[in-house]
Amino acid sequence: MGLTFSSFDHFYEEEETFAAVYERIAATVLAEARRQPVVYAVPGHPLVAEEPTRLIMAGAAAEGLTVAVKPAMSFLDALYAALPLDPAEGVVLLDGQNLDPRLVCPHFPTVVMQVYSRLVAAEAKLFLMDFYPDSHLITVMRAAGVPGEEKRADIPLFELDRLPWIDHLTTVYLPPTPRKPKPSYSVAPLVRILARLRGVEGCPWDKKQTHESLKRFLLEETYEVLEAIDSGKPYNLCEELGDLLLQIVFHAQIAAETGKFDFADVIRAITKKMVYRHPHVFSTQQVKDSLEVLTNWERLKKKERSGVTFGSVTRSLPALLYATNVQEKASRLGFDWEDWRGAMEKVLEEVNEIKRAVEAGKGVSSEIGDLLFAVVNVARLLGVDAEEALRQSTDKFIRRMEYIESRAKEEGVDLRDLSLRQMDIWWEEAKRGEAKG
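In the working numbering, the protein residues as written are 1 to 437.
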């Protein structure tokens, strides 16, 4: 038609996120509009699922620039015709790039826009399965209304991310649920409670907390969850998981107050990470066993974080768990004993090293550390959780000492006045009692 124009397609290749692309488009259009009249043209209606339009209009209003919106047929019009669907009966529109649980209404026809890729489709599927049955029949439309390009698939929700042709022209339609929808348990009420507690008229203690001051509570709640698991009582575990969740929401609220991130960002980030690191589930990659899953996990993790080195293991972990994680990481790289026997020889070697260090009067601490590290290796290769094994042995020691205490009390003897020989006798009694039990 003889029109001269500039395309923004290359922005999508040059920026890392859609948000950055949209901001750059708006900035470019506004910069040109300061010099001369400019037309920003989009495929479809400029106010339907076009974030750059909103940014341009907001920027123009702030600068006093005049904006005229020229309406056009949107992809929604084509979609309504293709389905067919009467929007007058009520339609919920969701943005596949920013799914908001507050907008979900399974008893209304629902359209999910901007399902740009299979990765976005996977995230949308996981989100929607909290509100719809996994087998809920949906319609996936690509290029609705475009002759020769239109594609349609009527599939169950759980297969959403398995279509190979999903791209930037894809939209998903979910018909109303024919029965009562799956209940959704939102964390939103807890988020609102924390916001109120931290608000102007909130709780003085909650308001003064920081990430640093909450560290000890986060650690305590984590250990209480572990104790609840050991107790085997579901109601204890349920309660302690709630306490741990509170700490996570607390930290997210503190971050939200400074504009760094909020709880929605936490959920969005971990959801994206889980989908990305499980290509054998959400994509076409095949794995033969759990070891290959862990190997792929480390590879993808390193790809995500270019600065990650072998030493990038959380040092604040309990020492035995820290050692186990380091050894497992080395094993996935191929640096490991053939089996537990080689590791056991290393344990015996380290015992002798301690003897020599004691005789020399130096290096004892280092050699004891080497022995503990070697013992963790043996445990790992035998499939034993070293952290849990030591915890159980410590509990066992406590039980036997409590038995000695009770026997001393029965005999009217102060525990500190007992001979080591008498303690050993009662210790063996405690062992025999455990064996019978």
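Calculated from the structure, these hints are not laboratory results.
Each hint should be verified, as a subset may be incorrect.
Here are the computed lysine-lysine pairs in the DSS-like style, where the Cα-Cα straight-line distance is at most 25 Å [stated by the list, open to error]: (1) Lys329 - Lys346; (2) Lys396 - Lys362; (3) Lys288 - Lys272; (4) Lys272 - Lys329; (5) Lys207 - Lys233; (6) Lys288 - Lys233; (7) Lys208 - Lys260; (8) Lys329 - Lys355; (9) Lys273 - Lys260; (10) Lys409 - Lys431; (11) Lys329 - Lys273; (12) Lys436 - Lys396; (13) Lys396 - Lys409; (14) Lys273 - Lys288; (15) Lys272 - Lys260; (16) Lys355 - Lys233; (17) Lys288 - Lys215; (18) Lys207 - Lys260.
Just the calculated beta-carbon pair ranges, DEER-fashion [unchecked claim]: (19) Ser366 - Tyr116: 51 to 57 Å; (20) His10 - Pro318: 33 to 39 Å; (21) Glu345 - Ala435: 27 to 33 Å; (22) Tyr235 - Ser366: 44 to 50 Å; (23) Tyr12 - Glu212: 38 to 44 Å; (24) Tyr235 - Arg391: 20 to 26 Å; (25) Pro318 - Arg432: 51 to 57 Å; (26) Gly232 - Tyr12: 50 to 56 Å; (27) Tyr322 - Ala62: 24 to 30 Å; (28) Pro101 - Val364: 54 to 60 Å; (29) Tyr322 - Glu212: 17 to 23 Å; (30) Asp424 - Ile354: 51 to 57 Å.
Source: prediction; values computed, not measured.
We put the beta carbon where it would ideally sit given N, CA and C, even for glycine.
- Query: Looking back at the numbered hints, which does the structure fail to meet, lowest number first?
  - Reply: The structure conflicts with hints 2, 5, 6, 8, 16, 17, 20, 25, 27, 30, although it agrees with all the remaining ones.
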